[in-house]
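Asker: Listed below are the residues making up each chain.
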Amino acid sequence: MTKRLFVKGNEAVAMGALEAGCRYYFGYPITPQSDIPEYISRELPKLGGEFIQAESEVASINMLLGASACGARAMTSSSSPGISLKQEGISYMAGSECPGLIVNVCRSGPGLGGIDASQADYFQSVKGGGHGGYHIIVLAPDSVQEMYDMAILGFDLSDRYRVPAMILADAVIGQMKEGLEPHSYVAPDDLETKDWALIGDGKAGEQKIIKSLYLGDGELEAHNNHLHAKYAVMQEKEVRYEGIELDDAKLVVTAYGSTARIAKTAIRLARKEGMKVGLLRPITLFPFPKAAFKQCKRDGQRILCFELNNGQMVEDVRLAVRDVEVDFYGRAPGAGSLPTPEEFLAKIRSRYEA
Amino acid sequence: MVTKYHSASPASLGRGTVTCAGCGGMQAIRQTCRVLGEKTVFVNAAGCMSLLAVYPFTPFHGSWLYTAMASAPAGAQGVRDALDILRDKGEIAPDNDLQVVVLTGDGSAYGMGLSATSGALDRQLDFLYLCYDNEGYGNTGQQTSAATPHAAHTATCRGLEGLAGVKKDLFAIWAAHDPVYLATVIASYPNDLARKIEKAKQLRGPRLIIALAPCPTGWGFDPRYTTTIGKLAVDTGIWPLKEYRDGQVVHTHIPAQRLPVEQYLKRQQRFAHLFEPQRNDVVLGELQAEVDHYWDGVTP
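Heads up: the protein sequence lines correspond to chains A and B, in order. Counting in this note's numbering, the first sequence runs from 18 upward without gaps. Counting in this note's numbering, the second sequence runs from 3 upward without gaps.
By construction, these hints were calculated from the structure, which means they are not laboratory data. For every residue, glycine included, the Cβ atom is placed at its ideal position computed from N, Cα and C. Mixed in with the good hints, there may be bad ones.
[To be verified] Straight-line Cα separation of at most 30 Å, DSS-like style, residue types lysine-lysine; simulated pairs:
{"id": "1", "chain 1": "A", "residue 1": "K63", "chain 2": "B", "residue 2": "K170"}
{"id": "2", "chain 1": "A", "residue 1": "K20", "chain 2": "A", "residue 2": "K194"}
{"id": "3", "chain 1": "B", "residue 1": "K41", "chain 2": "A", "residue 2": "K63"}
[What the hints assert, rightly or not] For the chain B half of the interface with chain A, some residues (derived, Cβ under 8 Å), not all of them:
{"id": "4", "residue": "T60"}
{"id": "5", "residue": "G64"}
{"id": "6", "residue": "R125"}
{"id": "7", "residue": "H152"}
[Said to hold, decoys possible] Here are some of the chain A residues that sit facing chain B, going by a computed Cβ distance under 10 Å:
{"id": "8", "residue": "I47"}
{"id": "9", "residue": "T48"}
{"id": "10", "residue": "E72"}
{"id": "11", "residue": "P98"}
{"id": "12", "residue": "A308"}
Could you put the whole structure together from the sequences, leaning on the hints where they help?
Answerer: This is the structure:
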């Protein structure tokens, strides 16, 4: 029988990362993610790994860059203000093609903001939050189980494409407890040996330069085109989303993460009232499931987007479907409470009947 | 000089705060504010005291500015410069000028705030830095900080022997910048604290205060013993009360006969593993030796 645990989302993402072979963690305390370093500080030494509580988020992301450059599976975690501090390092990782896992248990902002759940870091995550025009893989779990699963998936995708991966959770997903069925990690067959990595004396005589600095004529342009070619492949092959009752839906609700959980209840209530409503939940926020939204357009479905912010993902939905009207309902960061399914249902009702 | 703080200076901190019961940091801030008076602007980096300005109301009569975790002294630079310009233009009367006070915990002061502090000291910024040092990231659950003492347990350090490292000597790091004034204080010795804040208040330039802040929540003791724990920190010699001025370090209180450090350690849950289930004489010996070594180098 599969072992079933009752754990926090923050613990689950840490457990998944360790299961995926992560042996280096570099972090810094910040609410609501401090359970992650606390868990890993206890468990990683038992596995012979290295836990470092750095002096800052800037330090921890650059420690991740260093470990990654040596070919190790390594991670960091933080929450919104701390993730902002990491942006320069993430840009260096993207530019240097260093994989690694970054967990953002998002809280409300801007500035010091608050410690409640928020989805206000969507833009920062999916548009390349640092300088230079890059992307990272962004995964949006909506359950404790997915926190575990996506830690594993994040490492695999990150290694496959040599692109940093981020888990964009929030205070609800990180702090809540629910059932988790941990499973053993099986490495995908297609993961290549990291022969690009610096490994010190391991390959004596072989020089490795891991860099994001290109000064030769045309070199940096070619490098950027190479990075964007990888993003295009990811867009083609790695899009993930969950569709619920989409086939006959007249109205498609879209939401991710904790908001999608509320939306799931809301569409069930709507179905009970006889409304043909479905849910399209992006799991990969980058690459974004554009094709799925284009299909909604072809099927003549209306789209209603729910977010815990003032409207961010809705812009990508609108880009995907262009001239189709997309409705939005959001709660500003720091509302202090989550929207209720009934609140969403009322919005569904009004859009459905419009 | 005799100063009657209760009557001479209106307290710039009202009653009712959201800190934990028995917060040693709050004690030190309250005593500091009593000396500084109302004409202050606090520049704060995230920490336990960040809550003072916002939730659900503030006990401060003075003003307040938040900066990013690493940057409170940089924020203070901007505030001081702007106030100076307003003074020069005659838009602020000299009597209405504000003391610029950086208020951070040890997480920021000993760690990522060091660079900004070094810059402010380099520029001889006219400000007062008050660091409440509770030897860990108290606001997020007492994870290890660079101020955590050797052998202590924290939320991210639960090994049999506690923290392998030692508390960073922030006093020495700050002293190396040759500030106008630098002192350690503790609220359990209020007269020593008040004299030092009074002295700092009279000076111009960088003035830095490190207040050891006994923390019932993070250190694991009953809140009613905050003052006792603070006194023990001084009386065992673990927390030397001293000041730095004109290139000299002077100890302002030298315990006549130091108590064994064990008397301080055994009253805190964070050191309980040194006593139970087995007494760890090796580590206890190290901790005593470290304190003895420090005081051997102090001339009365």
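Asker: Does each hint hold? Answer for all of them.
Answerer: Hints, one by one, checked against the model:
1. For the hint linking A/K63 to B/K170, the alpha-carbon distance of about 27 Å falls within 30 Å, and the restraint holds.
2. For the proposed pair A/K20 and A/K194, the alpha carbon gap of about 16 Å is at most 30 Å, so the pair holds.
3. A hinted pair counts as satisfied when its Cα atoms are at most 30 Å apart, and B/K41 with A/K63 does not qualify at roughly 53 Å.
4. Because the closest C-beta pair between B/T60 and chain A is about 15 Å apart, greater than 8 Å, the hint is violated.
5. Among the interface hints, the one on B/G64 is violated; its C-beta lies about 19 Å from the nearest C-beta in chain A, farther than the 8 Å criterion.
6. Hint on B/R125 is violated. Least Cβ distance to chain A is approximately 22 Å, over the 8 Å limit.
7. At its closest, the beta carbon of B/H152 sits 16 Å from a beta carbon of chain A; the interface hint therefore is violated under the 8 Å criterion.
8. With 10 Å as the threshold, the beta carbon of A/I47 comes within range of chain B, its nearest partner Cβ sitting at about 6 Å, so the hint holds.
9. Hint status for A/T48: holds, given a least beta-carbon distance of 5 Å to chain B, under 10 Å.
10. Evaluation of the A/E72 hint against chain B yields a held restraint, the C-beta minimum of about 4 Å falling below 10 Å.
11. For A/P98, the interface hint holds, the least distance from its beta-carbon to any beta-carbon of chain B being 7 Å, beneath 10 Å.
12. Among the interface hints, the one on A/A308 is violated; its C-beta lies about 40 Å from the nearest C-beta in chain B, farther than the 10 Å criterion.
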